[in-house]
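Peer 1: Could you put the whole structure together from the sequences, leaning on the hints where they help?
Okay, here's what each chain looks like letter by letter:
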Amino acid sequence: AQSVTQLGSHVSVSEGALVLLRCNYSSSVPPYLFWYVQYPNQGLQLLLKYTTGATLVKGINGFEAEFKKSETSFHLTKPSAHMSDAAEYFCAVRGNNNDMRFGAGTRLTVKP
Amino acid sequence: GAGVSQSPSNKVTEKGKDVELRCDPISGHTALYWYRQRLGQGLEFLIYFQGNSAPDKSGLPSDRFSAERTGESVSTLTIQRTQQEDSAVYLCASSLELAQYNEQFFGPGTRLTVL
Numbered sequence: 524a525q526s527v528t529q530l531g532s533h534v535s536v537s538e539g540a541l542v543l544l545r546c547n548y549s550s551s552v553p554p555y556l557f558w559y560v561q562y563p564n565q566g567l568q569l570l571l572k573y574t575t576g577a578t579l580v581k582g583i584n585g586f587e588a589e590f591k592k593s594e595t596s597f598h599l600t601k602p603s604a605h606m607s608d609a610a611e612y613f614c615a616v617r618g619n620n621n622d623m624r625f626g627a628g629t630r631l632t633v634k635p
Numbered sequence: 499g500a501g502v503s504q505s506p507s508n509k510v511t512e513k514g515k516d517v518e519l520r521c522d523p524i525s526g527h528t529a530l531y532w533y534r535q536r537l538g539q540g541l542e543f544l545i546y547f548q549g550n551s552a553p554d555k556s557g558l559p560s561d562r563f564s565a566e567r568t569g570e571s572v573s574t575l576t577i578q579r580t581q582q583e584d585s586a587v588y589l590c591a592s593s594l595e596l597a598q599y600n601e602q603f604f605g606p607g608t609r610l611t612v613l
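Heads up: the sequence lines are chains W and C, in that order. Residue numbering for the first sequence follows the numbering used here, beginning at 524 and increasing consecutively. Residue numbering for the second sequence follows the numbering used here, beginning at 499 and increasing consecutively.
Calculated from the structure, these hints are not laboratory results. Honestly, I wouldn't trust all of these hints.
The calculated SDA-like cross-link candidates involving lysine to any residue, where the alpha carbons are at most 25 Å apart (straight line), are [to be verified]:
1) W:591 - C:540
2) W:591 - W:553
3) C:555 - W:598
4) W:572 - C:542
5) C:555 - W:566
6) W:572 - C:528
7) W:634 - W:598
8) C:555 - W:550
9) W:572 - C:606
10) W:572 - C:554
11) W:572 - C:539
12) C:513 - C:558
13) C:555 - C:595
14) W:572 - C:557
15) C:509 - W:563
16) C:555 - W:549
17) C:555 - W:532
18) C:509 - W:568
19) W:581 - C:595
Take a look, some chain W residues computed to stay more than 12 Å from chain C by CB distance [said to hold, decoys possible]:
20) 540
21) 545
22) 547
23) 578
24) 584
25) 586
26) 598
27) 603
28) 606
29) 611
30) 623
31) 635
On a predicted model such as this, the values are computed, not experimentally measured, just so you know. Each residue gets a CB set at the ideal place from its N, CA and C atoms; glycine is no exception.
Peer 2: Rendered as structure tokens:
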């Protein structure tokens, strides 16, 4: 079965600082990996996804993630945090049986 | 175009009552999914529909939960004899087809509170 683990339920950074949200996956098949963001009182929005090809994936709002098979990781980064980045971030994996498994989420707080 | 819509946005019910939640997917999206998000937790997969194929019900937590979909349009999630542990946000998502790499578009959710 496929699963993801998000390390850290809450991450706090200062405005302008690097954002790093960690995600490790477990999959018996080549995974398709996703990062979603959920702003307060809103639905989930896709940030980026990895399917095949280039392992460094760029998404919206300046976010990117790198697929590292050797580390079974798909960490999300952004060079410089903005106040508007404060939200809940979910990593997810889909496998051959088409189920989609989400992590427990990481709440990002950005301090002025 | 219009995104995924869900109704009601909020539902408060008494323990033991039945509730019905509605999802209108994006037009043309053949795949539809239901998830549950408990407070402070990640999304829990419940069920998905793909076209006219039999739905994958493997995520439904008990036989009190059921879902239907009419063709490739509206879906309803029904919870019978609600319990307090059913309190959660129920999210619906749709995608173009049931492909692993296709993005799922999420609705705003229905917040269910069971008293």
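Peer 1: Find the hints from earlier in the document that the structure breaks and name them by number, from lowest to highest.
Peer 2: Structure breaks hints 3, 17, 29 and 30.
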